[in-house]
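Student: In case you want the letters, here they are:
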Amino acid sequence: MKSAVVILGVLASLQSSRAEAHGVSLAKATELVLHRIERLVILCNLGDSTQPVNLPSQPAYDPSRCKNDWSKPKKGIEPNYQNRLVAMTIDLIAHTEEEEPSFRGVAFQAKGPDGLQKSVTIDLDEEGRPVGKEIEKMASFSSVETFAWPDKDVTTLTENALHFVLEGAANLTLAPYFQGLSSLVVTPGKNAAGELVASVDMKISDQEPVLRVRIKPNGDFDSSEIVKE
Amino acid sequence: MIRRLIAVFAVAIVCLQSISVRAETIWYPLPKEAYTFGTKYPEAQKLLFAFDYGHALVYERLLLNKNKITDPEAFEQQLLTEIMAILYNPPSVKADEGDIAPTYVYQFPLTLNLFDWSHLLHQFVLDVLATSVDRGDAMKKRVNELFDQYKSNTAIAITDVCKTMLFMDGHYFSKSFRRQFPSFNLLIWSYHWFQIRLYEALMKPTETERNKAVAKVTDTFWKYLSDLPDSAPFDMMPETAKEAPEFAKWFPTIPAAFDNNHMMHDIVSDILTSEKVAVTKVRAEGFRFARMAQDPEAFRSQLCGQN
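Protein chains in written order, with the working numbering: chain A, 1 to 229; chain B, 1001 to 1307.
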């Protein structure tokens, strides 16, 4: 037990150099990227006159797809980033000015039927404000399959897992993940009672143990543990 | 014997009445600075009155149309048109919510009292910061006196203990308002930003700087409203300590009281929008969450102003 505490303390001090910019930690930056994704999904409009109109006023409105109002320009990102999120990465970016990109967050959807995995990259400045336009591209990060979460969407479940880490910033076990988070993967799992939970596995690096935070489908915290892989 | 018992009961009732908690939103005595912010900055003051009007109007409309809105875009557009008209031609006095929103007042009596009491604190702090000749310890002392008076009315004071964002976003109905009515949500977050940034503007050391800063905040506020939803930059509710760091340094626990108020506004919006909240449950949920807003232990954050 004592040696685990010592190891975690060393990890915490090592991570301080990767840790943050202007008081925004990597875990906080990840949370802010999720908020950005949420906003971009809310605002999503295809603006494509070659496709059918999809608006809330229409009887056939499909909220799982972007709105398509021909009179307005294309913007936002598709709702699948909110509903099919499976992984994220977060990195510090070298910069000289406060307003320059300081964090780069990438969110990955589950692979589609064509086997391709969509990703969106969002940059934040030192204060955690979005910088520049989001960039979508095909990528490959995780082979996790999509899952139909029965209550809250997966970005909300992931956000709630991050809240647990943010609140635990002063906790010796959680501090390294607060400061040095580099990626997370979300998969369906089971808690001790055999109930469905979202297992959000957070990594600092491949060499270090994983922090697993379990969140119930309604968004409530379930449990957490350090997983030695 | 019976007469003695009656006398004992009578005394007991009188004593209980004198120590019972009062829940009126009447600030007595009214601070000597009350509404002087409006004398110095009439445009900003009228906008604050317009925000109260706007909040009440949107709650009333959501309530009257609860679980019946078939075209949220059209509903939002109509509401925005009406609210913008009020913002462009704001009232010069605070409107009584009972006149604008009787259904809301009936359904959310405790919440309304919490909001009204909190808004009085908002106002009187602005009044002191806008008019205090002393810009140091005397000004700080005066604001803290007002804050103490605010907190002493425990029946209707929202707690000044930090809560996590889960207080706002962690419920079965959460995020409904921002997803169905994104432009209106951003209008409300812009209101809250405006209120918070006024505190920061009024922390400037000289009157000239304060005047300039208030004008800049007002100007930026209108820019945020110019082309909703794209013109307002908020991905999340603006937080007082982040948007007003100097104010937060001087008055470290007032930010949480304001943020908890703003989160409660969002909670009411979500309760009224979400189809998961039956019409018959609205009043009970209003009470439940109002009590949570007052409870320092509910969704208590370990890290005030740090995350």
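These aren't lab readings, by the way, just hints derived from the structure by calculation.
Note that the Cβ used here is the ideal one computed from N, Cα and C, for glycine as well.
One or more of the hints may lead you astray.
What the hints assert, rightly or not - Covered by chain A, according to a simulated footprint, are these stretches of chain B (three or more residues, beta-carbon under 8 Å):
(1) 1072-1078
(2) 1295-1304
To be verified - Simulated pairs of lysine-lysine, DSS-like, Cα-Cα distance not exceeding 27 Å:
(3) B:Lys1068 x A:Lys216
(4) B:Lys1216 x B:Lys1242
(5) A:Lys74 x A:Lys133
(6) B:Lys1216 x B:Lys1040
(7) A:Lys133 x A:Lys72
(8) A:Lys216 x B:Lys1094
(9) A:Lys72 x B:Lys1281
(10) A:Lys75 x B:Lys1223
(11) B:Lys1212 x B:Lys1068
(12) A:Lys133 x B:Lys1242
(13) B:Lys1223 x B:Lys1151
(14) B:Lys1276 x A:Lys190
(15) B:Lys1032 x B:Lys1141
(16) A:Lys133 x B:Lys1032
(17) B:Lys1068 x B:Lys1249
(18) A:Lys216 x A:Lys137
(19) B:Lys1212 x A:Lys74
(20) B:Lys1276 x B:Lys1094
(21) A:Lys190 x A:Lys133
Stated by the list, open to error - Over the 12 Å line for every Cβ pair with chain A, so calculated as not near, a few chain B residues:
(22) Pro1031
(23) Gln1149
(24) Thr1154
(25) Arg1179
(26) Pro1182
(27) Asp1230
Student: Each hint should be assessed against the structure and marked as holding or not.
Tutor: Verification of the hints:
1. 1072-1078: holds (count 3)
2. 1295-1304: holds (count 3)
3. B:Lys1068 x A:Lys216: 30 Å, violated
4. B:Lys1216 x B:Lys1242: 18 Å, holds
5. A:Lys74 x A:Lys133: 13 Å, holds
6. B:Lys1216 x B:Lys1040: 15 Å, holds
7. A:Lys133 x A:Lys72: Satisfied, since the Cα-Cα distance of roughly 18 Å is no more than 27 Å.
8. A:Lys216 x B:Lys1094: 44 Å, violated
9. A:Lys72 x B:Lys1281: 38 Å, violated
10. A:Lys75 x B:Lys1223: Cα-Cα ~20 Å, so holds.
11. B:Lys1212 x B:Lys1068: Distance of about 46 Å is beyond 27 Å: violated.
12. A:Lys133 x B:Lys1242: Holds. Lys133 (chain A) to Lys1242 (chain B) sits at ~24 Å (cutoff 27 Å).
13. B:Lys1223 x B:Lys1151: Given pair Lys1223 (chain B), Lys1151 (chain B) is violated - Cα atoms ~35 Å apart, limit 27 Å.
14. B:Lys1276 x A:Lys190: 26 Å, holds
15. B:Lys1032 x B:Lys1141: 15 Å, holds
16. A:Lys133 x B:Lys1032: Violated - the C-alpha atoms of Lys1032 (chain B) and Lys133 (chain A) are around 50 Å apart, more than 27 Å.
17. B:Lys1068 x B:Lys1249: 46 Å, violated
18. A:Lys216 x A:Lys137: Violated, at about 31 Å.
19. B:Lys1212 x A:Lys74: 38 Å, violated
20. B:Lys1276 x B:Lys1094: Violated, at about 33 Å.
21. A:Lys190 x A:Lys133: With a Cα-Cα distance of about 37 Å, the restraint between Lys190 (chain A) and Lys133 (chain A) is violated, given a limit of 27 Å.
22. Pro1031: Per Cβ check, Pro1031 (chain B) is outside 12 Å of chain A; nearest 35 Å; holds.
23. Gln1149: 31 Å, holds
24. Thr1154: 26 Å, holds
25. Arg1179: 6 Å, violated
26. Pro1182: 5 Å, violated
27. Asp1230: The claim breaks: Asp1230 (chain B) does not keep its Cβ more than 12 Å from every Cβ of chain A (closest is about 8 Å).
Comparing the model with each earlier hint shows violations of hints 3, 8, 9, 11, 13, 16, 17, 18, 19, 20, 21, 25, 26 and 27; every other hint is respected.
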